[in-house]
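Using this note's numbering, you'd call the opening residue of the first sequence number 7 and step up by one each time.
Honestly, I wouldn't trust all of these hints.
[What the hints assert, rightly or not] Distance windows between CB atoms, simulated: (1) Ala254 <-> Ala58: 39 to 47 angstroms; (2) His241 <-> Arg60: 24 to 32 angstroms; (3) Ser125 <-> Gly105: 15 to 23 angstroms; (4) Ala135 <-> Ala22: 27 to 35 angstroms.
[Unchecked claim] Straight-line distance between alpha carbons at most 16 angstroms, and here's what the computed EDC-like set of lysine to aspartate or glutamate pairs gives: (5) Lys54 <-> Glu69; (6) Lys49 <-> Asp101; (7) Lys45 <-> Asp127; (8) Lys260 <-> Glu250; (9) Lys158 <-> Asp168; (10) Lys54 <-> Asp101; (11) Lys274 <-> Glu250; (12) Lys96 <-> Glu69; (13) Lys31 <-> Asp101.
Simulated from the structure, these hints should not be mistaken for laboratory data.
All of these numbers come straight from a predicted model, not from anything done at the bench.
No residue lacks a Cβ here, since even glycine has one placed at the ideal position from N, Cα and C.
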Amino acid sequence: MPELPEVEITLRGLAAHLTGQAIAKVVIRHARLRWPIPKNLPKLLHGKTIRALRRRAKYLLVEFDHGTLILHLGMSGSLCLLPAGTPAEKHDHFDLVLGNGMLMRLRDPRRFGAVLWHSGDVNAHPLLAALGPEPLQPEFDAAYLYRTTRNKTAAIKLVIMDNRVVVGVGNIYANEALFRAGIRPQLAAGKLSRERCARLVEAIRATLTEAIRHGGSTLRNFVGSDGKPGYFQQHYRVYGRAGEPCRACGTPIKQLRQGQRSSFYCPKCQR
DNA sequence: CTTTGCACCTGTTGGC
DNA sequence: TGCCAACAGGTGCAAA
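Modelling step: build the complete structure from the supplied sequences, incorporating the hints.
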């Protein structure tokens, strides 16, 4: 589920409910996520007040006066707000119980997600320090992408999915953005012209912005929901459509593998 | 430095 | 229906 739009939607859904709340209790049911949840988290957070929620790449940052709780949803994670006392289900690994009688619950069947703590400047955390620009911020522009791709022989799809180049472009939206830009996923990044870099930047922005506007590919209620996604069938142009006709020209969509991930493209619309 | 493939997990899907 | 393999939207890391 969680590509950047889902994380952004989650952030927006939670922010107003968490900000200013004190932590009444921290519950760790299953500490073995991608990295272990710190054992001392309950002690660290008890009675402390949430000052703000932010997002950096696909990390959700819960800021306190004395440090930051770093959350990542991995491949299958979701967060929801429930009344305190709601019984936990199978994959509910972590709760923040709030002073207002609600709790924020992390559910993550595959456990590729993360719950970490960092005191001090969170941008200096090893997981965040080397990240590239946000795709929706002005630093990510045509000049930057052109400069960054020079002399790169790697496929453009792999490059835009590289966190050090730009964050938050996952497999689905990489495929969709390349279709919008009319660029083949296997094209060597260094061969892109300035004009095509500009098109790609705009395509990435438009694809992500549109997905955020639609509530991500998954719509959730954050308050009172059980975290089960209510599915919103996203109208993908190429992702998952191998063999089906291109929505623009009717040519069958092709599939290939790049870096152990599936890529999809229209051989006529994308060059 | 870049590139490649593995690893962490469970759930779902599709072929036989 | 059952069984099993393949695959899934992330991404850090070791090895080459």
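Structure-based check of each hint:
Against the hinted window of 39 to 47 angstroms, the Cβ-Cβ separation of alanine 254 and alanine 58 comes to about 42 angstroms, which satisfies the hint. Evaluation of the 24 to 32 angstroms hint for histidine 241 and arginine 60 yields a pass: the beta carbon distance comes to about 30 angstroms. Taking the beta carbon of each, serine 125 and glycine 105 are about 22 angstroms apart, inside 15 to 23 angstroms as hinted. Between alanine 135 and alanine 22, the C-beta spacing of about 29 angstroms keeps the proposed range 27 to 35 angstroms intact.
For the given pair, lysine 54 sits about 10 angstroms from glutamate 69 by alpha-carbon distance, which is consistent with the 16 angstroms threshold. At roughly 14 angstroms between alpha-carbon atoms, lysine 49 and aspartate 101 fall within 16 angstroms of each other, so this suggested pair holds. Taken as a hint, the lysine 45 and aspartate 127 pair is broken in the structure, with Cα atoms around 21 angstroms apart against an allowance of 16 angstroms. Restraint check: the Cα-Cα separation between lysine 260 and glutamate 250 comes to about 9 angstroms, which is no more than 16 angstroms; the hinted pair holds.
Restraint check for lysine 158 and aspartate 168: satisfied, since their Cα atoms lie roughly 12 angstroms apart, inside the 16 angstroms limit. The suggested pairing of lysine 54 with aspartate 101 holds, with an alpha-carbon distance near 15 angstroms, which does not exceed 16 angstroms. In summary, the hint linking lysine 274 to glutamate 250 is supported, as the alpha carbons are separated by about 13 angstroms, within the 16 angstroms threshold. Restraint check for lysine 96 and glutamate 69: the C-alpha separation of about 28 angstroms exceeds 16 angstroms, so the hint is violated.
Restraint check for lysine 31 and aspartate 101: the C-alpha separation of about 8 angstroms stays at or below 16 angstroms, so the hint holds.
Checked against the numbered hints listed earlier, the structure breaks hints 7, 12; every other hint is satisfied.
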